[in-house]
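Peer 1: Working from the sequences, and respecting the hints, build out all of it.
2 protein chains.
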Amino acid sequence: MDNNAVIITIGDEILRGRIVDTNFSYLAKRLYLMGIDVRIHYTVPDREEWVWAALSEATERADIVITTGGLGPTPDDATRKGLARFLGKKLVFDNRFAQKIRAYFQRRNIPMPESNLVQAYLPEGAVPLENDEGTAPGIFARKDSMMIVMLPGPPNEMRAVFRSVELILKREIALPERHTKIYRTIGVPESVLYEWIAAEEIAGASISYYPSLRGVDIYVVAGSKEAREKATAALDKILLPHSYSFTEDERIEKVIGDMLRERKQTLAVAESCTGGKLAGWIVDIPGSSDYFLGGVVSYSNEAKEKFLGVRHEDLVEHGAVSSPVARQMAEGAKKHFGSDYGIGITGIAGPTGGTPKKPVGLVYISVATPERTFVRRYVFNGNRDAVRTRSAATALFMLWVALKAGDLTKHNFQDGGEFAE
Amino acid sequence: MDNNAVIITIGDEILRGRIVDTNFSYLAKRLYLMGIDVRIHYTVPDREEWVWAALSEATERADIVITTGGLGPTPDDATRKGLARFLGKKLVFDNRFAQKIRAYFQRRNIPMPESNLVQAYLPEGAVPLENDEGTAPGIFARKDSMMIVMLPGPPNEMRAVFRSVELILKREIALPERHTKIYRTIGVPESVLYEWIAAEEIAGASISYYPSLRGVDIYVVAGSKEAREKATAALDKILLPHSYSFTEDERIEKVIGDMLRERKQTLAVAESCTGGKLAGWIVDIPGSSDYFLGGVVSYSNEAKEKFLGVRHEDLVEHGAVSSPVARQMAEGAKKHFGSDYGIGITGIAGPTGGTPKKPVGLVYISVATPERTFVRRYVFNGNRDAVRTRSAATALFMLWVALKAGDLTKHNFQDGGEFAE
Numbered sequence: 035m036d037n038n039a040v041i042i043t044i045g046d047e048i049l050r051g052r053i054v055d056t057n058f059s060y061l062a063k064r065l066y067l068m069g070i071d072v073r074i075h076y077t078v079p080d081r082e083e084w085v086w087a088a089l090s091e092a093t094e095r096a097d098i099v100i101t102t103g104g105l106g107p108t109p110d111d112a113t114r115k116g117l118a119r120f121l122g123k124k125l126v127f128d129n130r131f132a133q134k135i136r137a138y139f140q141r142r143n144i145p146m147p148e149s150n151l152v153q154a155y156l157p158e159g160a161v162p163l164e165n166d167e168g169t170a171p172g173i174f175a176r177k178d179s180m181m182i183v184m185l186p187g188p189p190n191e192m193r194a195v196f197r198s199v200e201l202i203l204k205r206e207i208a209l210p211e212r213h214t215k216i217y218r219t220i221g222v223p224e225s226v227l228y229e230w231i232a233a234e235e236i237a238g239a240s241i242s243y244y245p246s247l248r249g250v251d252i253y254v255v256a257g258s259k260e261a262r263e264k265a266t267a268a269l270d271k272i273l274l275p276h277s278y279s280f281t282e283d284e285r286i287e288k289v290i291g292d293m294l295r296e297r298k299q300t301l302a303v304a305e306s307c308t309g310g311k312l313a314g315w316i317v318d319i320p321g322s323s324d325y326f327l328g329g330v331v332s333y334s335n336e337a338k339e340k341f342l343g344v345r346h347e348d349l350v351e352h353g354a355v356s357s358p359v360a361r362q363m364a365e366g367a368k369k370h371f372g373s374d375y376g377i378g379i380t381g382i383a384g385p386t387g388g389t390p391k392k393p394v395g396l397v398y399i400s401v402a403t404p405e406r407t408f409v410r411r412y413v414f415n416g417n418r419d420a421v422r423t424r425s426a427a428t429a430l431f432m433l434w435v436a437l438k439a440g441d442l443t444k445h446n447f448q449d450g451g452e453f454a455e
Numbered sequence: 035m036d037n038n039a040v041i042i043t044i045g046d047e048i049l050r051g052r053i054v055d056t057n058f059s060y061l062a063k064r065l066y067l068m069g070i071d072v073r074i075h076y077t078v079p080d081r082e083e084w085v086w087a088a089l090s091e092a093t094e095r096a097d098i099v100i101t102t103g104g105l106g107p108t109p110d111d112a113t114r115k116g117l118a119r120f121l122g123k124k125l126v127f128d129n130r131f132a133q134k135i136r137a138y139f140q141r142r143n144i145p146m147p148e149s150n151l152v153q154a155y156l157p158e159g160a161v162p163l164e165n166d167e168g169t170a171p172g173i174f175a176r177k178d179s180m181m182i183v184m185l186p187g188p189p190n191e192m193r194a195v196f197r198s199v200e201l202i203l204k205r206e207i208a209l210p211e212r213h214t215k216i217y218r219t220i221g222v223p224e225s226v227l228y229e230w231i232a233a234e235e236i237a238g239a240s241i242s243y244y245p246s247l248r249g250v251d252i253y254v255v256a257g258s259k260e261a262r263e264k265a266t267a268a269l270d271k272i273l274l275p276h277s278y279s280f281t282e283d284e285r286i287e288k289v290i291g292d293m294l295r296e297r298k299q300t301l302a303v304a305e306s307c308t309g310g311k312l313a314g315w316i317v318d319i320p321g322s323s324d325y326f327l328g329g330v331v332s333y334s335n336e337a338k339e340k341f342l343g344v345r346h347e348d349l350v351e352h353g354a355v356s357s358p359v360a361r362q363m364a365e366g367a368k369k370h371f372g373s374d375y376g377i378g379i380t381g382i383a384g385p386t387g388g389t390p391k392k393p394v395g396l397v398y399i400s401v402a403t404p405e406r407t408f409v410r411r412y413v414f415n416g417n418r419d420a421v422r423t424r425s426a427a428t429a430l431f432m433l434w435v436a437l438k439a440g441d442l443t444k445h446n447f448q449d450g451g452e453f454a455e
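From first to last, the protein sequence lines stand for chains W and B. To convert, count from 1 in the first sequence and add 34; that's the working numbering. To convert, count from 1 in the second sequence and add 34; that's the working numbering.
Because the hints were derived from the structure by calculation, they are not lab data. A portion of the hints provided could be inaccurate.
For chains that are exact copies, the list does not tell them apart, and a pair is met inside one copy or across any two.
[Stated by the list, open to error] BS3-like cross-link-like pairs, simulated, lysine-lysine; straight-line CA separation at most 25 Å:
# : residue 1 : residue 2
1 : Lys-340   : Lys-298
2 : Lys-340   : Lys-369
3 : Lys-124   : Lys-298
4 : Lys-298   : Lys-438
5 : Lys-391   : Lys-215
Remember, it's a predicted structure, so these values are computed and weren't measured experimentally.
Peer 2: Following this line, the structure appears as structure tokens:
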């Protein structure tokens, strides 16, 4: 057993470009973190012949095969047949699972189409994997030394079934011990993180970087608890001041929200170039009404004056994209919504509107705390969407620093911005 | 030549789940619309051995092979070597392309790392495909009856190079004639569209549905101009009142923006449960400052009163999620920003906050036109994110109907909502 896997995505929808295959990247990442290498990935049509062919090719390449899709109650049921043919087994009706499928519909008080019972057919000897989120069970089967797992296609169902697969893989395979720590960093470019970490000469742990426009996630994977502790002792020194979370998928909006809720403090925002994107992210978090009072998208100068009290003279003298205007937007949001914290963002997202003195990408971001107001000046790279995403992410980053330290000036900023008056 | 293709994605990043592969679905859709079937898709590591193996397997399955990724200035240059080995050719330095790479850096005034010149190596006889968006050229090569196209991995570069590939494919392959029309519909569920269209018995054209939370795109593909005209004559009757565009990727925000700009009219929005998502979409469109004055995210009741003039008594008597409040939000946005049109959205996005009388998913959406104000009541399915996305999309839909017809009451709504007082 060499801890290699092949992933097979099954579905005509995907081969025709109707759907982007997010299941594959999810599975690839989970397997990688478990110590299983994905050697190759296939996407094949939902037809018996192709499912059989892909399973057969996979056998030559790995001992673990994971498929997603093709398990719905379609009349032709190609995936199950392809698996049965590959295994050299008959499809048999699993009464126990048929009961579960019936119960699923009863709980929801909807009549069950008879076609759904096709999902209770499994190759002889295969084991159904329960699916709490839908009716299609996963399937677990073996052939010689090979393990085959079939997962349903809808992402929420796939993830629900894969959780039990992870347990099976951990039990069945001599996986190398894996001890992981995740640093969710913000405000430091990947290249700088890389240099910092390279200088530490960390042994016995592998370090992966997952960058996005909103920050860099760093995964530390070690073969023993001791090795991980040793690595993270060194990494903590570097990364803790820049890590807002150590939990996969936890967003900084959530971390900030929890801090505000705990302190019974509130937030309001004033956005120009981001145009509601920041408020939208904040409201993505369930329960944000506990601390988020609202925002103004002050896209016009008049709106900046009227809703936020930005001074007309400053708009004329310094322009809408300027430090004084960002400051007055943050302070105006705080004052007019009556919140404890305020954020102001004003910038030039492009593609047009830039000048030699004020280029596309120039953005001023301000955070008003209960004590004082900070403004930072940035020139972001990228297209309109990238500039706006970076702007909103940087505003959250600055607020997070303010909530953590009270004072932004003590933070070791590495994000290319500078404090502005 | 049987018009079949294989797509190969090259990259360790993708096999480890660091990146979601959107290039594949883009290419799959483009090829499908050209009349080329994608038979199978591989994702393989960025190593010579694997690139060679995937190309070799692809040969057995199709006459067109398209790869993405692996063309960057990496030191090991595995993709080019894998291609050269597959073709049985040497890599040779293309002077003309080296000049182009140098010029790319000169135009941007940045020094060129020497490693970039590796991108000027091509297998003997292969043709470089120009890349206006970056330094890695695409590569076009032949082996026997097989055409091989290699595209760079960054999506903007991949698309730029693929445009010239489309021209080559159209010239080189006896593609079946393809005549396409795209209807970008909004406000009608896929199942209803399907029933309407099924009743027409359209022959000689294939119809595909691409649904999203924001609407359903319908692609009509016919083998001759006449067949398309015949099909679309029937479809126009059904679909025109529900189609905001006939152009791929054109968003309804853009269509609305163009209508407003043309009429020299303006828009402002007031959002509660969508929390800035709608404003964010509107501002996604370059040039939106021509017609978008701004918005208020009135997440708290106080903000609804203070910034929008919603009456305190109505908030108390009807609650924040009610028709009178939605109406006053739309009218308040219009009045306070001084715009011609106003939108108001208030609802319960969940997961908590629902009651038997006001369940999760209940949303009131209002559009104030220069003449009068309309409110519609919806109960949307799905999780928090789906409810918010549907709400913002429906608001744009209602505004589009208002801009088109002046009066919402004449539209044949199929979206499950109802007019509210």
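Peer 1: Each of the hints needs a verdict: does it hold here or not?
Peer 2: Structure-based check of all given hints:
For a Cα distance limit of 25 Å, the shortest separation of Lys-340 from Lys-298 across copies, 22 Å, qualifies, whereas the shortest one inside one copy, 29 Å, does not. In this homomeric assembly, Lys-340 and Lys-369 come within 25 Å of each other (Cα to Cα) both inside a single copy, at 13 Å, and across copies, at 12 Å. In the homo-oligomer, the alpha carbons of Lys-124 and Lys-298 never lie at most 25 Å apart, since the shortest distance is 61 Å inside one protomer and 68 Å across protomers. For the homomeric pair Lys-298 and Lys-438, the shortest alpha-carbon distance inside one copy (15 Å) is at most 25 Å, but the shortest distance between copies (47 Å) is not.
Taking identical chains as interchangeable, the C-alpha atoms of Lys-391 and Lys-215 are never at most 25 Å apart, the minima being 44 Å within one chain and 45 Å between chains.
The earlier numbered hints that this structure contradicts are 3, 5.
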